[in-house]
Amino acid sequence: MTNPVFPLPVTHEFGAYYSILDLNLYHTVINWYMDHDDLSHVTLEAAGKTWKVWSTAGGLINPKNNKSSFEYHFDWKSADKASKCHFSIRPRYGRGTKTKSGKIVDHPFSGTSIQVQGSYFEQDDYLNMLDAIFTEIDAARFAGTYDLDKSTIYQFARHVRYHDDHEADMASMLSVLEYESDMSGDSYLHKNRVAGKCEMLILGNPRWEAAGIHPKYNYKVKTYRIKNFLDRDSSDPLYHPKLEVYISDNKNVKALEYFRLKADCDNTLYSLLHCLGPDLDYVPDNYFDPTKKYEYRYRLPKWNWAKIPDPQGSSILSQASEENPFSALQILAYLCARRDGYASFEELRDNLDISERTLWRYISALRDQGLLDRQRKDKTFIFFKKRKICEAIKEPITKIMNVLKLKIRHIYGHYFIDSNEIQEYRNRAKNLKPMSEAKPSNTDPIIVESNKEAREIKRDLAKLGIRRPVHVFSNPQNMKWDRIR
Numbered sequence: 001m002t003n004p005v006f007p008l009p010v011t012h013e014f015g016a017y018y019s020i021l022d023l024n025l026y027h028t029v030i031n032w033y034m035d036h037d038d039l040s041h042v043t044l045e046a047a048g049k050t051w052k053v054w055s056t057a058g059g060l061i062n063p064k065n066n067k068s069s070f071e072y073h074f075d076w077k078s079a080d081k082a083s084k085c086h087f088s089i090r091p092r093y094g095r096g097t098k099t100k101s102g103k104i105v106d107h108p109f110s111g112t113s114i115q116v117q118g119s120y121f122e123q124d125d126y127l128n129m130l131d132a133i134f135t136e137i138d139a140a141r142f143a144g145t146y147d148l149d150k151s152t153i154y155q156f157a158r159h160v161r162y163h164d165d166h167e168a169d170m171a172s173m174l175s176v177l178e179y180e181s182d183m184s185g186d187s188y189l190h191k192n193r194v195a196g197k198c199e200m201l202i203l204g205n206p207r208w209e210a211a212g213i214h215p216k217y218n219y220k221v222k223t224y225r226i227k228n229f230l231d232r233d234s235s236d237p238l239y240h241p242k243l244e245v246y247i248s249d250n251k252n253v254k255a256l257e258y259f260r261l262k263a264d265c266d267n268t269l270y271s272l273l274h275c276l277g278p279d280l281d282y283v284p285d286n287y288f289d290p291t292k293k294y295e296y297r298y299r300l301p302k303w304n305w306a307k308i309p310d311p312q313g314s315s316i317l318s319q320a321s322e323e324n325p326f327s328a329l330q331i332l333a334y335l336c337a338r339r340d341g342y343a344s345f346e347e348l349r350d351n352l353d354i355s356e357r358t359l360w361r362y363i364s365a366l367r368d369q370g371l372l373d374r375q376r377k378d379k380t381f382i383f384f385k386k387r388k389i390c391e392a393i394k395e396p397i398t399k400i401m402n403v404l405k406l407k408i409r410h411i412y413g414h415y416f417i418d419s420n421e422i423q424e425y426r427n428r429a430k431n432l433k434p435m436s437e438a439k440p441s442n443t444d445p446i447i448v449e450s451n452k453e454a455r456e457i458k459r460d461l462a463k464l465g466i467r468r469p470v471h472v473f474s475n476p477q478n479m480k481w482d483r484i485r
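One point on numbering: in the working numbering, the residue at position 408 of the sequence shown is 408, and numbering is uninterrupted.
Quick caveat, the hints were computed from the structure, so don't treat them as lab data. Ideal placement from N, C-alpha and C gives every residue a C-beta, glycine not left out. Among the hints, a few may not be true.
No more than 25 Å apart at the CA atoms, straight line, and that leaves these computed lysine-lysine pairs for DSS-like [unchecked claim]:
1. K251 <-> K385
2. K150 <-> K191
3. K197 <-> K222
4. K98 <-> K49
5. K293 <-> K222
What follows is a set of in silico ranges between Cβ atoms, one per label pair, in the way DEER data are often shown [what the hints assert, rightly or not]:
6. T2 <-> T99: 56 to 64 Å
7. K103 <-> A392: 28 to 36 Å
8. S68 <-> A392: 38 to 46 Å
Based on the provided sequences and hints, a complete structural model is requested.
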């Protein structure tokens, strides 16, 4: 049995902070830059490229003169502007550094920080370009002095370009992976279609184990095209989509782990391509060459995503049509009824009788609108993002919760969970379960006009377990007159 063969992916976007534990490099850059007569037009020839150089005011205060430190930028772009490289050289003054806004920041080291932002280069290429720049500005002694253990990679993406014929299957596979992942509560799927094709589909924080993939780092995955792809012919490589795996924004990786990160990212990409199918067609472009092959000798997942119903398919839509159309209002009503406006995910699921997948979908939608947020401790808690949001919607939603089937009832100022079962009128209280830790909206006395009405309300309150005084409004019909004159 032969091993599967995949095309070598290319590194697209790359961003990192490289640390050099010597502040003299920063001062050397200043001296070289200030030697130019016209600071508005400074260029440098290094590594076979022409770099545009300029300075900007930074946010750190130099502790020696209490003045704002400057940052120095070296920028290069290719003729087609697809490949680029940008270096920003900044000082690091260690712990207790003041900023222009008056804050105090604690940098883990004192020296020079170099931010790298570029595309279609490897880490060694960026470091070699930096070494060439150092040589040209009389700072060759700093070449190769990067502390990769203190340096971090914050952006890293690898991709392949595949044929448009497979785009529909790719979008379906990623949708199924998100459908299998939404039980974890952290995944999301953003899709933008143009003329029936996916211009951009991003799957964030998927549960890779659902597909039999076990990456060592936290990745997102997306399939996307250039924005004006409809203006291009199918013979143009830029008409066809790309599949890209990249690290999450909030997960930095040590630069020392670059090769491990690169191999793990490629393994994840190969696994997705393998799950899509063995007979994929790839499209070459200026940077991606599918003729460069890699024989993969490691384990690949056996995930048959095609047997799982497509979330966009008719079976899923038919299930969705049977759901309560007011499920989102149910969640808001339940949280409004709670004393502090929050509840655990398990509590919402058990009391509202909404499936986990559906509940996560509505919570994510309300979260995207800025109404709710979530936090994971020993449990996942759902809460209003701001107190004023809860206060704004509590009164109107309380008025409609008895009319719509929201599972929450508001009776005499108290909140109950309604089972919606059909009972005899005299046994209607069996349907209602008082909400734990729910704050009564009103504990004032109930005023009625007759003793008969007061007795009926007291009987209802006793069945519901509500403690609230009932008073009879005094009038000539119920007033007890003294007949002895």
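Hints and how they fare:
| no. | hint | in the structure |
| --- | --- | --- |
| 1 | K251 <-> K385 | holds, 24 Å |
| 2 | K150 <-> K191 | violated, 37 Å |
| 3 | K197 <-> K222 | holds, 14 Å |
| 4 | K98 <-> K49 | violated, 36 Å |
| 5 | K293 <-> K222 | holds, 22 Å |
| 6 | T2 <-> T99: 56 to 64 Å | holds, 59 Å |
| 7 | K103 <-> A392: 28 to 36 Å | holds, 33 Å |
| 8 | S68 <-> A392: 38 to 46 Å | holds, 42 Å |
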